[in-house]
Structures are given as structure tokens and as C-alpha cells.
Amino acid sequence: MTGRDAMDCNELVELVTAYLDGSLDLDTMARFDAHLLECDGCEHYLQQFRQTVRTVGKIRDDELDPAFRSRLLDAFKDFR
Amino acid sequence: MIATVDESRLIAGLRDGDETVFAQLVDQHTPPMLRVARGYVPSHEIAEEVVQETWIALLKGIDNFEGRSSLRTWLFTVMINIAKARGVRERRDADVAIAAYTGGTVDPARFRTGEDPWPGHWREGQEPSPFPDTPEGSVLGDELIDVARRELGKLPERQRIVVTLRDMLGFDSSEVCELLDITVANQRVLLHRGRAAVRAVLEDYLEDRS
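These protein sequence lines are chains A and B, in that order. Residue numbers for the first sequence follow the working numbering, so the first one is 376 and each next one is one higher. Residue numbers for the second sequence follow the working numbering, so the first one is 118 and each next one is one higher.
Note that these hints are calculated values from the structure, not bench results. Glycine residues also receive a C-beta, built at the ideal position from the N, C-alpha and C atoms. Hints should not be assumed to be uniformly reliable.
DMTMM-like mimics (lysine to aspartate or glutamate), calculated; alpha carbons at most 25 Å apart, straight line [as the list claims (entries may be wrong)]: (1) A:433 <-> B:233; (2) B:177 <-> B:123; (3) A:433 <-> B:260; (4) B:271 <-> A:389; (5) A:433 <-> B:136; (6) A:433 <-> B:170; (7) A:433 <-> B:123; (8) B:271 <-> B:233; (9) A:452 <-> B:263; (10) B:271 <-> A:383; (11) B:177 <-> A:453; (12) A:452 <-> B:250; (13) A:452 <-> B:321; (14) B:201 <-> A:389; (15) A:433 <-> B:274; (16) B:177 <-> A:389; (17) A:433 <-> B:133; (18) A:452 <-> B:136; (19) B:201 <-> B:250; (20) A:433 <-> B:253.
Chain A side only, calculated, beta carbon under 7 Å to chain B, not exhaustive [said to hold, decoys possible]: (21) 383; (22) 385; (23) 394; (24) 403; (25) 416; (26) 422; (27) 423; (28) 427; (29) 431; (30) 432; (31) 433; (32) 436; (33) 445; (34) 451.
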């Protein structure tokens with residue numbers, strides 16, 4: 376990592392969400408990708424972040440409280 | 118993530134007063150609606166009232182529902198408006214507060230300092246290691262989901278709502294900005310901080326476990 380354009384690890388870690396959303400400008404994205412090529416720590420950080428997003432995506436909501444569910448269904452019958 | 122389905126059949130069912138269709142939609146959308154509503158109002162009971170009002174608003178409006186947005190987006194938009202009106206929490210220039218915060222999301226002690234030839238890079242021994250791949254239904258996988266769920270519940274409200282909508286429910290960035298009436302940049306900041314906090318507890322958990 377040399378040169379004035381090089382990205383530091385502590386800068387990269389703050390840009391991961393923008394990177395994953397594809398919203399970095401092209402220069403920044405190029406610096407991000409260049410850094411990743413040379414830095415295992417940051418490559419792993421990105422992997423951890425992806426795994427985190429995936430894990431949150433697997434959280435399931437609690438079951439619907441049956442009493443509340445019947446209240447909603449009753450509201451539907453009343454409405455009809 | 119919720120797959121996009123052809124909703125015209127469901128909407129026709131609602132117009133016909135088909136209770137099975139209504140029950141199916143209630144089962145699908147009510148738990149996440151409650152989760153998000155809870156971020157706006159002071160109690161679970163009020164969150165239930167907000168969600169109930171939203172379903173009634175849908176039934177009242179179903180004849181005019183044009184399907185320009187998905188049913189889910191419509192429900193969340195209306196629900197958030199009702200919740201905001203009922204909410205006692207103030208917004209107080211929230212966008213300004215988001216932008217003002219400049220702290221990092223990773224412990225600064227993990228990076229080298231100015232005296233080092235590589236300032237800003239991971240210190241030796243502080244580099245992250247990859248998280249293991251966890252097959253569906255594996256013990257570790259379930260544990261990690263549980264850790265993530267607990268941390269999600271502890272996040273500051275706006276981070277929690279954004280992470281829930283984006284990563285748990287699969288809304289895209291523009292939908293979330295519209296639902297919450299925040300800028301793309303602020304949405305990203307909230308999402309990033311929330312994800313980073315969850316990442317940190319997963320990392321700690323995996324280190325303790327090994």
C-alpha cells in the first residue's frame with residue numbers, strides 16, 4: 376500500500392456498506408478493491424460483514440400472538 | 118427475504134372478503150410490522166393498535182388499491198405514518214444528529230498509530246479472521262442467529278429499524294429512505310453502524326467459543 380491514493384484499513388472498514396450497496400464513486404471503489412488485493416485482514420473483514428448481513432437475514436420473527444391474530448381476523452369479519 | 122409474488126390474486130381475494138387470504142397476509146406481514154412499529158411507540162400494546170389500524174386502513178382502501186407499490190410497501194408506509202402520529206418519541210433533528218457523529222465502527226485500538234510505518238492498518242494479531250460458513254440448521258449457525266437477534270434488539274432505535282428493514286426483511290435502500298423519510302446517506306450511516314455492531318458481537322462470540 377503506497378502512494379497518496381492508498382486506502383488505510385481504518386478507512387476501508389467504514390466504507391463496507393457503501394461498497395456492498397454499490398454506491399462508492401469509481402475512484403474510491405478502485406482504491407477499495409486495490410486495498411483488498413493486498414490486505415488479508417480487510418478481505419476477512421469484508422467476509423465477516425457479508426456473513427453478518429446473511430445472519431441477520433436469517434433471524435425469524437416471533438410467532439404471532441394467537442389472541443392478537445384472532446382480533447385481527449375478527450376485525451376483518453366485522454368489516455365485511 | 119420475502120419473494121415477490123403476484124399480488125393481484127391476493128388483492129382480488131381481499132375485495133371478495135376471502136378470510137383465508139386475509140389470514141395469510143396477516144400471518145406473513147404482522148410480525149415484521151409489529152417489530153418495526155415497536156420502534157416508534159412506547160409499548161407493545163400500542164404497537165398492536167397501530168398494526169390493527171393499518172390492517173383496517175387496508176381493508177377500507179382495498180377497492181382503490183392500485184398496486185403501484187407492493188402490498189408490503191403499502192402496509193409499512195401506512196403503518197409507519199400511523200405509528201409516528203401515535204409515537205411519543207420525538208425526532209429532534211435526527212438527520213443532523215446522524216451526520217454529526219463521526220466515531221469509527223471498529224475499536225481504534227486495533228489499528229496502528231501515527232508512529233508506525235503503516236498508520237491506520239491492522240495491528241499485528243488484530244487482523245480479522247473469516248467467520249466460518251455455517252450450514253443451514255447447524256448448531257453454530259443457530260447460535261450466531263441468536264447472538265445477532267439479541268444485538269439487533271439492543272441497537273439504537275433508528276439503527277435497529279434500518280437494519281431490520283434492509284437486512285432482515287429485505288427492503289431495498291430507496292424503499293427504506295422513503296419509508297423513514299431519511300436521506301440515502303443517512304440511511305447508509307445507520308445501516309453501517311448497526312451492521313458493524315452486530316459484526317462485532319459475532320466476532321467476540323466466535324472468539325470466546327473457540
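Against the structure, the hints come out as follows:
1. A:433 <-> B:233: violated, 41 Å
2. B:177 <-> B:123: holds, 21 Å
3. A:433 <-> B:260: holds, 12 Å
4. B:271 <-> A:389: It holds: about 21 Å lies between the C-alpha atoms, which stays within 25 Å.
5. A:433 <-> B:136: violated, 29 Å
6. A:433 <-> B:170: Answer violated: residue 433 of chain A to residue 170 of chain B is near 28 Å, above 25 Å.
7. A:433 <-> B:123: Holds, at roughly 24 Å.
8. B:271 <-> B:233: Between residue 271 of chain B and residue 233 of chain B the Cα gap is close to 36 Å, so the pair fails against 25 Å, i.e. violated.
9. A:452 <-> B:263: With Cα atoms ~37 Å apart, residue 452 of chain A and residue 263 of chain B exceed 25 Å; violated.
10. B:271 <-> A:383: Cα-Cα ~30 Å, so violated.
11. B:177 <-> A:453: holds, 12 Å
12. A:452 <-> B:250: violated, 47 Å
13. A:452 <-> B:321: The hint is violated at about 50 Å.
14. B:201 <-> A:389: violated, 31 Å
15. A:433 <-> B:274: The hint holds at about 20 Å.
16. B:177 <-> A:389: violated, 45 Å
17. A:433 <-> B:133: violated, 34 Å
18. A:452 <-> B:136: Holds, at roughly 8 Å.
19. B:201 <-> B:250: violated, 40 Å
20. A:433 <-> B:253: holds, 9 Å
21. 383: holds, 3 Å
22. 385: Check passed: Cβ of residue 385 of chain A comes within 5 Å of chain B, closer than 7 Å.
23. 394: violated, 10 Å
24. 403: Where the cut-off is 7 Å and the nearest Cβ of chain B is about 13 Å from residue 403 of chain A, the hint is violated.
25. 416: Result: holds, 3 Å to nearest chain B Cβ.
26. 422: holds, 5 Å
27. 423: holds, 5 Å
28. 427: holds, 4 Å
29. 431: Nearest chain B Cβ about 4 Å off; hint holds.
30. 432: The hint holds - residue 432 of chain A has a Cβ within 7 Å of chain B, the shortest such distance being about 6 Å.
31. 433: holds, 5 Å
32. 436: holds, 3 Å
33. 445: violated, 10 Å
34. 451: Status holds, d = 5 Å.
In terms of the numbered hints stated before, the structure departs from hints 1, 5, 6, 8, 9, 10, 12, 13, 14, 16, 17, 19, 23, 24, 33, listed from lowest to highest.
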